[in-house]
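There are 2 protein chains.
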Amino acid sequence: MSSDHASEIAETTPSKQCLRLWLRMLRATRSIEGDIRELLRREFDTTLPRFDVMAALYRKPEGMMLSELSRELMVSNGNVTGIVDRLEDDGYIFRGTRNGDRRTSHISLTGNGSETFEMWAKAHEVWITRRLRDLDEAQTADAIEIMKHIGQSAEGVKR
Amino acid sequence: MSSDHASEIAETTPSKQCLRLWLRMLRATRSIEGDIRELLRREFDTTLPRFDVMAALYRKPEGMMLSELSRELMVSNGNVTGIVDRLEDDGYIFRGTRNGDRRTSHISLTGNGSETFEMWAKAHEVWITRRLRDLDEAQTADAIEIMKHIGQSAEGVKR
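Each protein sequence line maps, in turn, to chains B and L.
The numbering of the first sequence is numbering that gives the first Met the number 0, which starts it at 0 and goes up by one.
The numbering of the second sequence is numbering that gives the first Met the number 0, which starts it at 0 and goes up by one.
Treat the hints as calculated values from the structure; they're not laboratory data.
Treat the hints with care, as some may be off.
[To be verified] A few chain L residues that don't get close to chain B, going by computed Cβ distances all over 10 angstroms: (1) P48; (2) F50; (3) M63; (4) N78.
[Said to hold, decoys possible] Label-pair distances were calculated between CB atoms; the ranges are: (5) S152(L) to T96(B): 26 to 36 angstroms; (6) E117(B) to N111(L): 45 to 55 angstroms; (7) M64(L) to T46(B): 28 to 38 angstroms; (8) R70(B) to D44(L): 24 to 34 angstroms; (9) H148(B) to G95(L): 38 to 48 angstroms; (10) L22(B) to K15(L): 24 to 34 angstroms; (11) Q151(B) to E144(L): 29 to 39 angstroms; (12) D88(B) to G95(L): 45 to 55 angstroms; (13) M64(B) to R29(L): 19 to 29 angstroms; (14) L47(L) to R85(B): 41 to 51 angstroms; (15) R41(L) to R94(B): 32 to 42 angstroms.
[To be verified] Calculated Cβ distances over 12 angstroms to all of chain B for the following chain L residues: (16) E32; (17) A54; (18) H123.
We treat Cβ as the ideally placed atom computed from N, Cα and C, and that holds for glycine.
With the hints as constraints, model all of the structure from the sequences given.
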């Protein structure tokens, strides 16, 4: 395998630059995520996985299957089930079970869940803006295009 | 709090653009991380947290304290301890304990650990290059600067 690797590196021009970009992306993303985790905890006594679940459901007012939610969040059904259970206990999520199997549940936000998420989302937007507002508009637009391109260039590694 | 939020949003120009950039960054980063996790598993039967621990130690040939490693990786000591234990069992890490307390261990890569990591790192560079090589050099350079800027603009939310 190592000879394959060597020839692939030779073909593409700036592999060290690619690596540098990746490490910078990772650092920037983790740093913002760290802030968001801390602010969610402090301001709303909640977590990023809970925020992500509520965000996904907010985008689908008609609700969705638990399996669909897992796929969208790219986490295992097991993890999502635990988070959904607790959000249901808190009155944020309504769950309709089919055949008594909780994994095949259809879930959606309750009115309270929807209002709560709107409050979280407003604050989240302020926090993100605070972190990114130093960029001028052209830089922001460039960065959006580049990140879009990177996100779409997935070769689709088989899972 | 909500009136504060509203005035802050009004001050900064493109808060929806900031949010758009953040979501694109997150998607791009998660997509690459997903590929790397899968490739590490498939090619080397290892995990991203193990890779990250080995990478941090590889950069410090003199080794470091476990607490220093935790800080660098921004994870709890407990998590790192488990990963380090397993890497030690595999013969990749050498650990010198002080006063029998494993949490105050001084750790470094063994020769075998160092060689193994070099192999992983070469493959990792190829994978990252594959994902990012569609960008031209100017785009890559721009993106590096923007990500650097974002990573440094942390307000330092108190933990």
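These are the hints, each one checked on the structure:
| no. | hint | result |
| --- | --- | --- |
| 1 | P48 | 13 angstroms, holds |
| 2 | F50 | 12 angstroms, holds |
| 3 | M63 | 19 angstroms, holds |
| 4 | N78 | 15 angstroms, holds |
| 5 | S152(L) to T96(B): 26 to 36 angstroms | 46 angstroms, violated |
| 6 | E117(B) to N111(L): 45 to 55 angstroms | 54 angstroms, holds |
| 7 | M64(L) to T46(B): 28 to 38 angstroms | 29 angstroms, holds |
| 8 | R70(B) to D44(L): 24 to 34 angstroms | 26 angstroms, holds |
| 9 | H148(B) to G95(L): 38 to 48 angstroms | 47 angstroms, holds |
| 10 | L22(B) to K15(L): 24 to 34 angstroms | 28 angstroms, holds |
| 11 | Q151(B) to E144(L): 29 to 39 angstroms | 22 angstroms, violated |
| 12 | D88(B) to G95(L): 45 to 55 angstroms | 47 angstroms, holds |
| 13 | M64(B) to R29(L): 19 to 29 angstroms | 22 angstroms, holds |
| 14 | L47(L) to R85(B): 41 to 51 angstroms | 26 angstroms, violated |
| 15 | R41(L) to R94(B): 32 to 42 angstroms | 36 angstroms, holds |
| 16 | E32 | 8 angstroms, violated |
| 17 | A54 | 10 angstroms, violated |
| 18 | H123 | 8 angstroms, violated |
In this structure, the earlier hints numbered 5, 11, 14, 16, 17 and 18 are contradicted, and the remaining ones agree with it.
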